[in-house]
Structure formats: structure tokens, C-alpha cells
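A.B. asks: Now for the letters of each chain:
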Amino acid sequence: MKDKSGVTQQVPKAMQKVADAAVGLDDQGRRNFLTRGLQVSGAALGTAVAGGVLASGENLPPNVPSWMRSLGPGVVSTPYGLPSKYESDVVRRNVPWLTADSVSSISFSPLHELKGILTPNGLVFERYHAGVPTIDPKQHRLMVHGMVNNPMTFTMEDLRRMPSTSVIRFIECPANGGMEWKGAQMEALQFTHGMLSCCEWTGVMLSTLLEEVGVDPKGKWILAEGADGAGMSRSIPMEKALDDSMLVYAQNGEALRPEQGYPLRLLNPGWEGNTSIKWLRRLEVSDKPWHHREETSKYTDLMSNGKARKFSWVQESNSVITQPCPEKGLMKKGRVEIEGLAWSGRGRITRVDVSVDGGINWQRAPLKGEVLPKCLTRFSLPWEWNGEPALLQSRSVDETGYVQPTLAQLREVRGTNSIYHKNSIHTWRVAKTGGVTNVQID
Amino acid sequence: MFKSTNYLAFILLLVALSGCGTEKKAAINQQKSLASLSQIELRIGGTPHKIDSTKEGYYNVGTPATPEEIAGWDIDIRPDGTGLPPGSGSAADGEDMYQAKCASCHGVFGEGSGRWPKLAGGFGTLSSDRPDKTVGSYWPYASTLWDYIHRAMPFTQPQSLSNDEVYALTAYVLYMNDIIDEDLTLNAQNLASVEMPNKDGFFIDTRPDSTNTLCMSNCRDPDSIKVTWDASDLGVTPVSHMNQGDEGDEGNEDVQIKSGKAVNQEGLRVYNTACGVCHNSGVAGAPTLLDNSADWQKRASQGTEVVIRHAIEGYSGDKGMMPAKGGQMHLSDEEVKAAVMHMLTTAGVERAN
Numbered sequence: 098m099k100d101k102s103g104v105t106q107q108v109p110k111a112m113q114k115v116a117d118a119a120v121g122l123d124d125q126g127r128r129n130f131l132t133r134g135l136q137v138s139g140a141a142l143g144t145a146v147a148g149g150v151l152a153s154g155e156n157l158p159p160n161v162p163s164w165m166r167s168l169g170p171g172v173v174s175t176p177y178g179l180p181s182k183y184e185s186d187v188v189r190r191n192v193p194w195l196t197a198d199s200v201s202s203i204s205f206s207p208l209h210e211l212k213g214i215l216t217p218n219g220l221v222f223e224r225y226h227a228g229v230p231t232i233d234p235k236q237h238r239l240m241v242h243g244m245v246n247n248p249m250t251f252t253m254e255d256l257r258r259m260p261s262t263s264v265i266r267f268i269e270c271p272a273n274g275g276m277e278w279k280g281a282q283m284e285a286l287q288f289t290h291g292m293l294s295c296c297e298w299t300g301v302m303l304s305t306l307l308e309e310v311g312v313d314p315k316g317k318w319i320l321a322e323g324a325d326g327a328g329m330s331r332s333i334p335m336e337k338a339l340d341d342s343m344l345v346y347a348q349n350g351e352a353l354r355p356e357q358g359y360p361l362r363l364l365n366p367g368w369e370g371n372t373s374i375k376w377l378r379r380l381e382v383s384d385k386p387w388h389h390r391e392e393t394s395k396y397t398d399l400m401s402n403g404k405a406r407k408f409s410w411v412q413e414s415n416s417v418i419t420q421p422c423p424e425k426g427l428m429k430k431g432r433v434e435i436e437g438l439a440w441s442g443r444g445r446i447t448r449v450d451v452s453v454d455g456g457i458n459w460q461r462a463p464l465k466g467e468v469l470p471k472c473l474t475r476f477s478l479p480w481e482w483n484g485e486p487a488l489l490q491s492r493s494v495d496e497t498g499y500v501q502p503t504l505a506q507l508r509e510v511r512g513t514n515s516i517y518h519k520n521s522i523h524t525w526r527v528a529k530t531g532g533v534t535n536v537q538i539d
Numbered sequence: 159m160f161k162s163t164n165y166l167a168f169i170l171l172l173v174a175l176s177g178c179g180t181e182k183k184a185a186i187n188q189q190k191s192l193a194s195l196s197q198i199e200l201r202i203g204g205t206p207h208k209i210d211s212t213k214e215g216y217y218n219v220g221t222p223a224t225p226e227e228i229a230g231w232d233i234d235i236r237p238d239g240t241g242l243p244p245g246s247g248s249a250a251d252g253e254d255m256y257q258a259k260c261a262s263c264h265g266v267f268g269e270g271s272g273r274w275p276k277l278a279g280g281f282g283t284l285s286s287d288r289p290d291k292t293v294g295s296y297w298p299y300a301s302t303l304w305d306y307i308h309r310a311m312p313f314t315q316p317q318s319l320s321n322d323e324v325y326a327l328t329a330y331v332l333y334m335n336d337i338i339d340e341d342l343t344l345n346a347q348n349l350a351s352v353e354m355p356n357k358d359g360f361f362i363d364t365r366p367d368s369t370n371t372l373c374m375s376n377c378r379d380p381d382s383i384k385v386t387w388d389a390s391d392l393g394v395t396p397v398s399h400m401n402q403g404d405e406g407d408e409g410n411e412d413v414q415i416k417s418g419k420a421v422n423q424e425g426l427r428v429y430n431t432a433c434g435v436c437h438n439s440g441v442a443g444a445p446t447l448l449d450n451s452a453d454w455q456k457r458a459s460q461g462t463e464v465v466i467r468h469a470i471e472g473y474s475g476d477k478g479m480m481p482a483k484g485g486q487m488h489l490s491d492e493e494v495k496a497a498v499m500h501m502l503t504t505a506g507v508e509r510a511n
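Chains as they are written, first to last, in my numbering: chain B, 98 to 539; chain Z, 159 to 511.
Everything labelled a hint here was simulated from the structure, so no lab data went into it. Among the hints, a few may not be true.
[Claimed, not checked] Under the rule of at most 30 Å between Cα atoms (straight-line distance), these lysine-lysine pairs were calculated in the DSS-like manner:
hint : chain 1 : residue 1 : chain 2 : residue 2
1    : B       : Lys395    : Z       : Lys357
2    : Z       : Lys384    : B       : Lys395
3    : B       : Lys315    : B       : Lys425
4    : B       : Lys430    : Z       : Lys384
5    : B       : Lys429    : Z       : Lys259
6    : B       : Lys407    : B       : Lys337
7    : B       : Lys315    : Z       : Lys259
Fair warning: this is a prediction, and the values are worked out from it, not measured in the lab.
Construct the entire structure; sequences and hints are all you get.
C.D. replies: What follows is the structure in C-alpha cells.
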């Protein structure tokens, strides 16, 4: 077990007993329980440490826990609230060898720890090309020019004075899952699917801003450009801009986090995350696309014949089982809830099916909670696990009728070198021990 | 703007007051106000296709952007050369600057260092198992190179280069790819006419491109299902947070628990500490564990001893160069051998059997 500083600690036998007692495990279960690093163990062990008593179980029934016999910190002792210290393992993580430097890299949201459909602001996955700029909002400007009637600059105050809209939408990097075209190599849900987050975004409809400046009818494309050291730039077609693109300044009720583009970002709902330019400083209207680096050299999908798709913006329907998963194996036989996330860049999820036998037979898994367009959607299915090995899969359908494909189907059409937009049905293998691994099947 | 704002205020007032006044009147007012509200929503978030974006000035916000302000920020270049500023430079002008400012990441010959992007070569590889997407082999427009160098390079000092320097570096990268001659001076007039080898290599997205069905039972032959990959056999992702005591014996035991079979622990350890940095991602032509199993078979068919000797002594092949012990000279021969066996086992040979 590791603490926050990364120091490996031995788990004393007595603590194991505390943990076992907390969840009623037998020896086999305890071994899985400890080796899988299940979160409940963190809480139980942490409890013992917090009480300053490692062995006695002093905080467990029938004893009165120490925190009932003392006072805690008062209001505004933490003016901006933080998660419990026992949740220190719920963090973004990266895979260092994926990229040359953390300044131009990506991190993954801990999907295995998230509940519901909203990603807390501190856990939204990060993608930078030149690190996070530190922008003074008072000195930030959005310039809108090109084929417009009135080239203008807008302050953040200007934008906040315009009518606002709030929507809950996912943002996904199109490279999510892209390491697995040729084979399964990511050993955790966080790394197979964690380039994915979902927030409530608040800001101004881009169409409203375009109305404000007036657009030349010949203007068909918009260059969006960020104020980071990469000057990140993408060409956005006018049709999308007038449909549901937004200029966003808030997420989940507070100002955008610097990692997410503070003070202003573009949001192109349902489209690959890279088009939702962060730290947005400029919009230029033109009659043609720009073909900049991130829409030619990158974010194009190379097919097996050597030709590449460009302007492949939509994140097609996808799903993954989040429980169980490699980070959270099954602890004992009996009824468990298979739970997962489904999403589509084309609209609402209408249906999810689950298979426990590698796709031979499927069952409908009811959707639960909010079902919103271009938004993470929860599904759930009760399952009697009899202790035998299983191959778990989920298959989503969206409102266009599109059915999430198998990996074989995608490879058939695209080969294995397209990096982006791998939205195929995912397989978890459940071993007899209850351990879960990321596998691919033929 | 004022109309809308007043409406909103009015609605909010009505909503706030509706519980206090006579219920009927409030209900009527509320109905009215809901209609107004939906009209406003139409403007701000409803069916935006109906918005006439050619009209302007509803909210009276923003400041006219002056030509000087626009000139300072309007840095983008387009395929037809629009946006290119005055200035010029040739590959000959750019060579020393490239070596001083670019080569540490991109390599002396544009071959790329570590995970930093390779800039040159890769021609004819786009339909191969290991496509090499460089400026020369992949980029469709020369204008993109000028635009990108100017806005984002050098990596640690973006927008620090003069226009002449950007022209010279653009020319040098094109020259490294044998696309232009060393002496050709690029400028705003001729850059767009540089024809890139892969200019016709792109087509508009054709998705949706898959047709899965909603089969519910007996969808496939149970005997046909075979697990071809288990990520836990590779050991290439940082999963210490998932495992207790991963550096000790229990960690080793855990690997076995997860994958359900024994793993060459010594090989896995050496691989992760010394080999993965190149072989995980395939830099400099290093074969990855995800490469075609036939390729691995070919290597293994020389005899395991030969493969091990190549790894210990170094080897140059068609796809790249393996330095002796991967440059990690502190490794013993036995350690290298263990890593090679781990790679052969996980990457191809065992799977192919």
C-alpha cells in the first residue's frame, strides 16, 4: 500500500484484521482485497490511522469512534474545500512513455472512482501542447475578425454580459483507447478510457457572438486559436458554429480551471476534444479551412491503404463497463451490479446491452439517471457471479441508430494505424480470483 | 439587448411574485412569461440555424478591433499562402539555426530524438505496419510548416523567431525531405507553390463506417472465442496504485494472480526499467510488443541465441538500430537475456503458437 508520498508501507497484520472485519472477508477474499487495492480498504485502514490506534479497532462497534468524542475544524478552515484526505488516491494519472514531455502530454480521469455523470473539476483529463498558460483574465481578449461586418475584441466582462447557456456535455480526446488498435496494453480503466470527462459548461452560444459581429454570408469556416505557447488552432465549419458551439467560461458552476482553458474556451459538443480550443483568444472567419498542423499532421485518421481521413470530428457512440474493472475486481461470488458509461457525439444514448460471455449472448442494461445528448450516460445490470471466468462487454446504441462496433469490424475498415476514434466494444476478463484484466478477443 | 434584459427581469419578478398575488392572475402572467422565455431561449440556445448571423450588434458589447490590433494577432497562414509576411530564407540560411535550435529534439537529420517528432523521411511507409508520418511523408501543405514553426517553435520559445528565420527553417525542413533544393529562397510569393508529396493523401471523413447489429443470443460460436491479448501480460502501464507492495514479492505474485499465468519476473522488471522507454512506443524503429507477431516470429526464427546476442552487442537492421544493451551498459548479459525472453514470450512467439 502506498501513501500519498509514494512510500511503500507494510500493512501490519492487525490492520489487515481491521480491514477484514470491515468487509467480512475470508482468506481468499482478503488476498484479492489487498492486492487489488480496493478503495474500501483505504477508508478502513485510514480510519485506524486517523484514530492513532492501529490494532485495537477502537473506532469500530461497539466502541464510540474518536471523531464523535472530539471537535473538528470550523467553517472556512478550508475556504476552498478539498476532498477527504482518504481520497488521495482519486487523481488524474498519466503514462509517461506516451509522450516526450509532460508539458506536451495527456492525463487520464479516474473513471473507476467517478459516480454519476459529472467529472469533478480537479479530475477532468488534461491535454496540453505547451503546458498551462497563466492568463490574467483582465488582460485576456477574444478577437473576432476576418469575414465579419464588424471586427471586434471582447473582454471577459463583455462575454459575461451576454446571455448565457448551460449544458452538460462530455469532452473526449479522439486518441482515447488509441493505444489499443493493435492489442490490449493498458492495464487499467483509467488508461483505456480516461481521456474522457463530462461537465456542466456555461457560456455564450457562439451563434450569439457571431450575430453580434455580423458574418459575411461567404464565411464558411472559423479559425479558433488558443493563447497558449502552442497557439493551438483548428478550423471549425460555420455549420457547427451556428449549431451548438459555445464560448465557455465556467464548468460545474465555477470559473474554468486553468487546465481547461481559463478564462475562456471553445466547446464543440460531441466533437473530438482538440477542436474545443482552450485559452481561446481569436476567431477568424473565412471561406476555406486552414489545414493547420493539428488537422493535418495530427488528428487525421490513417487508413490501411495509406490515405487518411481529415476533418473526422465526431466522437461516435462508445461505452465501457466501469464496475467491475481492472482497478476494482469482484470480491466474492453472488449478486453484483455491472455498471458503466455510454456516450455518443451524435446525440442521446438510447440503449446499452451487456454480455458476460464475450458477445455470445446479450442482455439489455437499463439506463439510469439523466440521459442527455452528447453526455455521459450510466447503465446498470444486476449479475449473479458464480465464481467462474467471464468476458464482460457493453454495446451502446445512440439516437441515430448507430450500434457501437466490434474491434474486428473497425479493423476491417480502418486497419490498425489510425490512432484516433477507436470506439469499439471493450472486453474485460474476469478471472476465477475475481481479478479483472483488459483483454482483446478474436 | 435592453428588451431582452427587461424581459428576463420581468419574468424573474413574476416568478418571484407568483406565490404572493392572486393565483389565477399569476398563472396567466406566468404562462405569458413562459412564452416570452421560450422566445428568448430560441435566440440564445434553441434552434440556432434560424439565427441571422449577418445582423449585428444586439448586445452592444465589445470594442472595434483596430487594423493594428488585428495585424499583431492575425498570425495564421493558409494553404494558398494567405497570411505570409514579407521576408525570405533558404535551407542554406537555415542549416546552422536548425542545428542550434531544433536538432536537440528533432535530430541532426530530422530523425527525431526519443519521443520528439521525426521531421524527415518515412516515404512510402504510410500503408505499412509501422507508418512513419513526417513532414515529408505526410504533411499535405508547406504553408502548415511555416505557420507551425512560427506560432509554436522552438518548443521552449514560441514566437521568438523572425520572419526570415521561419522562412529559412521551413526551407531547411523541406530540404531535409528532398522536396526543395538547398539554394531555393522561400518567400511569401513562392512558398504556396511548393508541392508536398502527400498533398493528395487525405479525404473527408466517411464515417459512420461500421454496421454492427443488435444480435441478442447465440451471436457467435463459443469455440471461436479466443483471448488474443491480455494487457497484464505486457506490464507497460503504471499501475502501482492498483497493487499493494508492487516492488516486493507480493507484487510479483500479483502479476500472476492477474493474468492467471506465470510471468518472467526478472525479464519484466528489466524490460520496464530499461527497455520500455523505446520498445513501448517504438521510437527509432524499436519493435514494440504490439507489432505483428509474424515479425517477431521472423526474429525468433534466427534462433533465440542470435536475438539475445543482437540485444547484448547491438544490431543495425532495416527498421533501425539497436544499441548494445539498449545503451544501458549497467545491465548484465543475464538481465538482457531475461528481458529478451520476456519480449519474445509476450510479443509474438508464444501468441503465434
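A.B. asks: Does each hint fit the structure? Answer for all of them.
C.D. replies: The hints, checked one at a time:
1. Among the hinted pairs, Lys395 of chain B with Lys357 of chain Z is consistent with the structure: their alpha-carbon atoms are about 15 Å apart, no more than 30 Å.
2. Distance check on the hinted pair: Lys384 of chain Z and Lys395 of chain B sit about 34 Å apart at the alpha-carbon level, beyond 30 Å; violated.
3. Restraint check for Lys315 of chain B and Lys425 of chain B: the C-alpha separation of about 54 Å exceeds 30 Å, so the hint is violated.
4. Annotation: proposed proximity of Lys430 of chain B to Lys384 of chain Z holds, straight-line Cα distance about 25 Å (limit 30 Å).
5. A distance of roughly 59 Å separates the Cα atoms of Lys429 of chain B and Lys259 of chain Z; the hinted pair therefore is violated under the 30 Å criterion.
6. Annotation: proposed proximity of Lys407 of chain B to Lys337 of chain B holds, straight-line Cα distance about 16 Å (limit 30 Å).
7. For the proposed pair Lys315 of chain B and Lys259 of chain Z, the alpha carbon gap of about 41 Å is over 30 Å, so the pair is violated.
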